[in-house]
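Asker: Listed below, chain by chain, are the residues.
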Amino acid sequence: MSTTFNKRLLIVWLILTSMTLAYVWMDRAVDQNGTLKASTVVTVSAIAIALIKVRIIFREFMEVRHAPALLCRLTDAWVVLIAVCLLGSYFVGSALSG
Amino acid sequence: MSLPKMKTTEPLTAPDPPAGSWVSRLAWNFRHHPKRELWFAWWVMVIFYQLYGVLFFFVTRVQPPPSPAWDTPTVTQWFSDRHLGILAGFGVVFLITGMCAPMNALLAYSMRRMSVSRLFAYSYLIIYSLSAIPGMLVMAIAMTVAALRPDRDPELIHWLYDFAFLSFSGTMGVFMIGSLVWMVAILLDKNCVFPKWFGYLSLCNALTEVVVAPAWIFHRGAFAWNGAIAWWINMVVFVTYTGVFIVLLRKMIQREDFGAGPLPDLPDKGVADHSDAAEAVR
Amino acid sequence: MTNRAGSRPQLEEKLTKFVPGQPDMWMFVLFESLLFTGYFSVYLVSRTQNEELYLQSQAALDLRFGVFNTIALLLSSWAIARCVQASREGAYRSALINAFLTVSFGVVFLTSKVLEWVNEIQMGNTFTSDEFFQHYFFLTSIHCIHVLIGFIGLGVVVYQLWSPVRRSQQLVETGATYWHTVDFLWVLIFALLYVVR
Amino acid sequence: MRRTDGELILFWTLPALAIIWASAFFLFPGFLHPMSPTMSAEEVAGFYRDETARIRYSMILFNWFGVGLIPVVILVAMQVRRMAHRTPILSYSLIACAGGPPTLFLIANMFWLLGSFRPERAPELTQLLNDLAWLTFTILVAYLIAQCLLLALAIYWDRQARPVFKPWVAHFNVLIAVALAPAAFTALASTGPLAWDGLLSFWVKNIAIAAWIIVMGIVLGQTIRQQRAQDRVAA
Numbered sequence: 547m548s549t550t551f552n553k554r555l556l557i558v559w560l561i562l563t564s565m566t567l568a569y570v571w572m573d574r575a576v577d578q579n580g581t582l583k584a585s586t587v588v589t590v591s592a593i594a595i596a597l598i599k600v601r602i603i604f605r606e607f608m609e610v611r612h613a614p615a616l617l618c619r620l621t622d623a624w625v626v627l628i629a630v631c632l633l634g635s636y637f638v639g640s641a642l643s644g
Numbered sequence: 009m010s011l012p013k014m015k016t017t018e019p020l021t022a023p024d025p026p027a028g029s030w031v032s033r034l035a036w037n038f039r040h041h042p043k044r045e046l047w048f049a050w051w052v053m054v055i056f057y058q059l060y061g062v063l064f065f066f067v068t069r070v071q072p073p074p075s076p077a078w079d080t081p082t083v084t085q086w087f088s089d090r091h092l093g094i095l096a097g098f099g100v101v102f103l104i105t106g107m108c109a110p111m112n113a114l115l116a117y118s119m120r121r122m123s124v125s126r127l128f129a130y131s132y133l134i135i136y137s138l139s140a141i142p143g144m145l146v147m148a149i150a151m152t153v154a155a156l157r158p159d160r161d162p163e164l165i166h167w168l169y170d171f172a173f174l175s176f177s178g179t180m181g182v183f184m185i186g187s188l189v190w191m192v193a194i195l196l197d198k199n200c201v202f203p204k205w206f207g208y209l210s211l212c213n214a215l216t217e218v219v220v221a222p223a224w225i226f227h228r229g230a231f232a233w234n235g236a237i238a239w240w241i242n243m244v245v246f247v248t249y250t251g252v253f254i255v256l257l258r259k260m261i262q263r264e265d266f267g268a269g270p271l272p273d274l275p276d277k278g279v280a281d282h283s284d285a286a287e288a289v290r
Numbered sequence: 004m005t006n007r008a009g010s011r012p013q014l015e016e017k018l019t020k021f022v023p024g025q026p027d028m029w030m031f032v033l034f035e036s037l038l039f040t041g042y043f044s045v046y047l048v049s050r051t052q053n054e055e056l057y058l059q060s061q062a063a064l065d066l067r068f069g070v071f072n073t074i075a076l077l078l079s080s081w082a083i084a085r086c087v088q089a090s091r092e093g094a095y096r097s098a099l100i101n102a103f104l105t106v107s108f109g110v111v112f113l114t115s116k117v118l119e120w121v122n123e124i125q126m127g128n129t130f131t132s133d134e135f136f137q138h139y140f141f142l143t144s145i146h147c148i149h150v151l152i153g154f155i156g157l158g159v160v161v162y163q164l165w166s167p168v169r170r171s172q173q174l175v176e177t178g179a180t181y182w183h184t185v186d187f188l189w190v191l192i193f194a195l196l197y198v199v200r
Numbered sequence: 087m088r089r090t091d092g093e094l095i096l097f098w099t100l101p102a103l104a105i106i107w108a109s110a111f112f113l114f115p116g117f118l119h120p121m122s123p124t125m126s127a128e129e130v131a132g133f134y135r136d137e138t139a140r141i142r143y144s145m146i147l148f149n150w151f152g153v154g155l156i157p158v159v160i161l162v163a164m165q166v167r168r169m170a171h172r173t174p175i176l177s178y179s180l181i182a183c184a185g186g187p188p189t190l191f192l193i194a195n196m197f198w199l200l201g202s203f204r205p206e207r208a209p210e211l212t213q214l215l216n217d218l219a220w221l222t223f224t225i226l227v228a229y230l231i232a233q234c235l236l237l238a239l240a241i242y243w244d245r246q247a248r249p250v251f252k253p254w255v256a257h258f259n260v261l262i263a264v265a266l267a268p269a270a271f272t273a274l275a276s277t278g279p280l281a282w283d284g285l286l287s288f289w290v291k292n293i294a295i296a297a298w299i300i301v302m303g304i305v306l307g308q309t310i311r312q313q314r315a316q317d318r319v320a321a
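Protein chains in written order, with the working numbering: chain C, 547 to 644; chain H, 9 to 290; chain B, 4 to 200; chain D, 87 to 321.
Here chain C stands alone, though its shape is the one from the complex (with noise of 0.2 Å):
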């Protein structure tokens, strides 16, 4: 039993540090010569992938998947609300400067 649970949290964490790799590649994507330049698909995608890892680490690691369905619901909504924060904010303020 135990170790079916631990290869279960490896492999949890195997995906979490490839997906945090990601970003060495993503970082680099849309720069030109050292020169950061902005980027809607990357912030996105930033956004995204993090709250990606956000739900996992509720699910696998903070044990969720076996908690109540009210919990369950509960940090779903929560990584739903904090995209909407995220993004909502991101959009909004490019809308207003233009």
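No wet-lab data here; the hints were simulated from the structure.
Every value quoted in this text rests on a predicted model; they were computed, and no experiment measured them.
Don't be surprised by glycine CBs; every beta carbon is placed ideally from N, CA and C.
Each hint should be verified, as a subset may be incorrect.
Said to hold, decoys possible - In silico EDC-like links for lysine to aspartate or glutamate, alpha-carbon gap of 16 Å or less:
#, chain 1, residue 1, chain 2, residue 2
1, C, Lys583, B, Glu55
2, C, Lys583, C, Asp573
3, C, Lys583, B, Glu54
4, H, Lys198, B, Asp27
5, H, Lys198, H, Asp273
6, H, Lys43, H, Asp265
7, H, Lys259, H, Asp273
What the hints assert, rightly or not - To be clear about the criterion: a stretch of chain B counts as covered by chain H if any three or more of its residues have a C-beta under 8 Å from a C-beta of chain H, and this derived list gives those stretches:
#, segment
8, 30-38
9, 131-141
For chain C, the structure is supplied; the task is to place chains H, B and D on it using the hints.
Answerer: Same frame as chain C, but now just chains H, B and D:
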């Protein structure tokens, strides 16, 4: 408005409350209600926070705070716009400051009712009694002196303006340590006076006092004394925290049995809660 | 503190749904993440108002520090998750080792964080330099305070696991939940400070 | 039985304190006649230049003994503890009030001393320090009002055969609270009774404080004596 809430608690020893008019019931509650001291302190707290909001936001109009980046003429203009409001409003503030005392006494009492050392109640009482001076009175004094003489050297008025807002926003330690004392008491308590989540909420409140510290450094932006982070978000947390503890203290008074053991649950709660309490006792 | 989860029979625990740790801690997790969402939103809005400045200053950050820190915290999160499972199965020795591993990875994170700060300050980027670094130092240091509080939480976990007379599974899970919160907040901070363009 | 000798010693500091306070009060040149808020910056600066010595020595005296009233208020709080209440809330409230007036008074005291430290500084600055001192001194009623009202409430709620304080003490405290209240609004007027040199904000307020100290001193003395007598009988 006060009576339905007062009536819901069951008298422990006193004669039955009269069924008469509003006034006679209030008089009965004042004379005989077994929890009159607790309800008195609770109502003082509620009224104090109401007045506090009204005085700071509507009468004196010094909150939400103006910008620390203003130049001297704008500041003097700001004061002359609010001349009478500041003088009268802070007069009322001076009159009602003492309402903090029963409020802090009630908060200290909540710690006394817990299964923790008296240390917590007394520490909290002293810390929060102290906090009213840098957190409120110094601001009121500085504002009043600034509004007192519109013909004073504008530079001095500007200094008083900084003094007022920085003492108000930048007084952090008393509230932070006070919240942490309360938090530790709640987390250690076995009498279930407050739910544990309120202890964690106290930690959130304590952390907002960390967040306000940059107000001493910045003149503009999110971290200035009127900034989105140092003021607006903190204010939301503070209002939530205050609202929550007012409700929880009310529940505590309703559940109070003047014993030393765990506070009983409210009688009208469901079976599930009773089994929960039984489990907690076990 | 009640010992509910600890006294529950093992079998039942596997079958029924349960909230890990004190439900009260989950209130904290949700409230605190909401608070941080507020900080992040302010950061993102100010960022869009002055994009060039933020991009320029962001170039002074070293992504390697960020990645290393994230992986260190993910490792510590992994270790505390293993600790919770081990302690649930009664393998307290293994649980303790994993708790100490968590603390060590936390210390690694903290050390690397301080080194990064020193590095930035030596390059002349301080709290008062510009708006980007205001947010950078603010978010990283308020997170750091959470890490430090987390050490107190981990101390409680170790204290619980240490002696057979304590071992409240609920408190171990509560501490773990807090530590994971520190972890996922950092995941967000990392993405927002280092990667966002 | 708890020893009450210490309480008696603390109680007898009160007359000594009253004498020191009265002499400091008369020594300070700004109290008789009280300085008017209408004085110009030059007049205020001139006052601090001419009267430097008396301001300094009287305020040093106040600085030494300003907190002397705290033990007396705590004595009152201890008596409240003996009352027939279910909770210690009211004695906690009195303890919470005890530190307030001396702290505010010390702040005012420091502004006066600062003003006299360099009387040759710009008159505008001396006037500012003087304003801060007078305002803080006048509004220290903030805590005293609450203290009197809370004590009155505690006495009204002390329902037992032999109450700790007699009911008239409660009425007296309410009266003092009413007398102190107008001083909170002193900033609204620079002349007339509300001004900080006026009838209400200066004379009524300070006489009320003096009356409170004298009357409560006598009442406390009697109560402590009765308590000791009871304890002796009980022992």
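Asker: Now tell me if each hint is right for this structure.
Answerer: Comparing the hints with the structure gives:
1. A C-alpha spacing of about 8 Å is found between Lys583 of chain C and Glu55 of chain B, which places the hinted pair at or below 16 Å, so the restraint holds.
2. For the hint linking Lys583 of chain C to Asp573 of chain C, the alpha-carbon distance of about 10 Å falls within 16 Å, and the restraint holds.
3. With a C-alpha separation of about 9 Å, the suggested pair Lys583 of chain C and Glu54 of chain B falls inside the 16 Å cut-off, and the hint holds.
4. Proximity of Lys198 of chain H to Asp27 of chain B is assessed by CA-CA distance (about 15 Å); at most 16 Å being required, the pair is judged to hold.
5. With a C-alpha separation of about 14 Å, the suggested pairing of Lys198 of chain H with Asp273 of chain H holds against the 16 Å cut-off.
6. Restraint check for Lys43 of chain H and Asp265 of chain H: satisfied, since their Cα atoms lie roughly 9 Å apart, inside the 16 Å limit.
7. With a C-alpha separation of about 9 Å, the suggested pair Lys259 of chain H and Asp273 of chain H falls inside the 16 Å cut-off, and the hint holds.
8. Residue count for the segment 30-38 of chain B with a Cβ under 8 Å from a Cβ of chain H: 5. That meets the three needed, and the coverage hint holds.
9. Check on the segment 131-141 of chain B: 5 of its residues sit with their Cβ under 8 Å from a Cβ of chain H, so the three-residue criterion for coverage holds.
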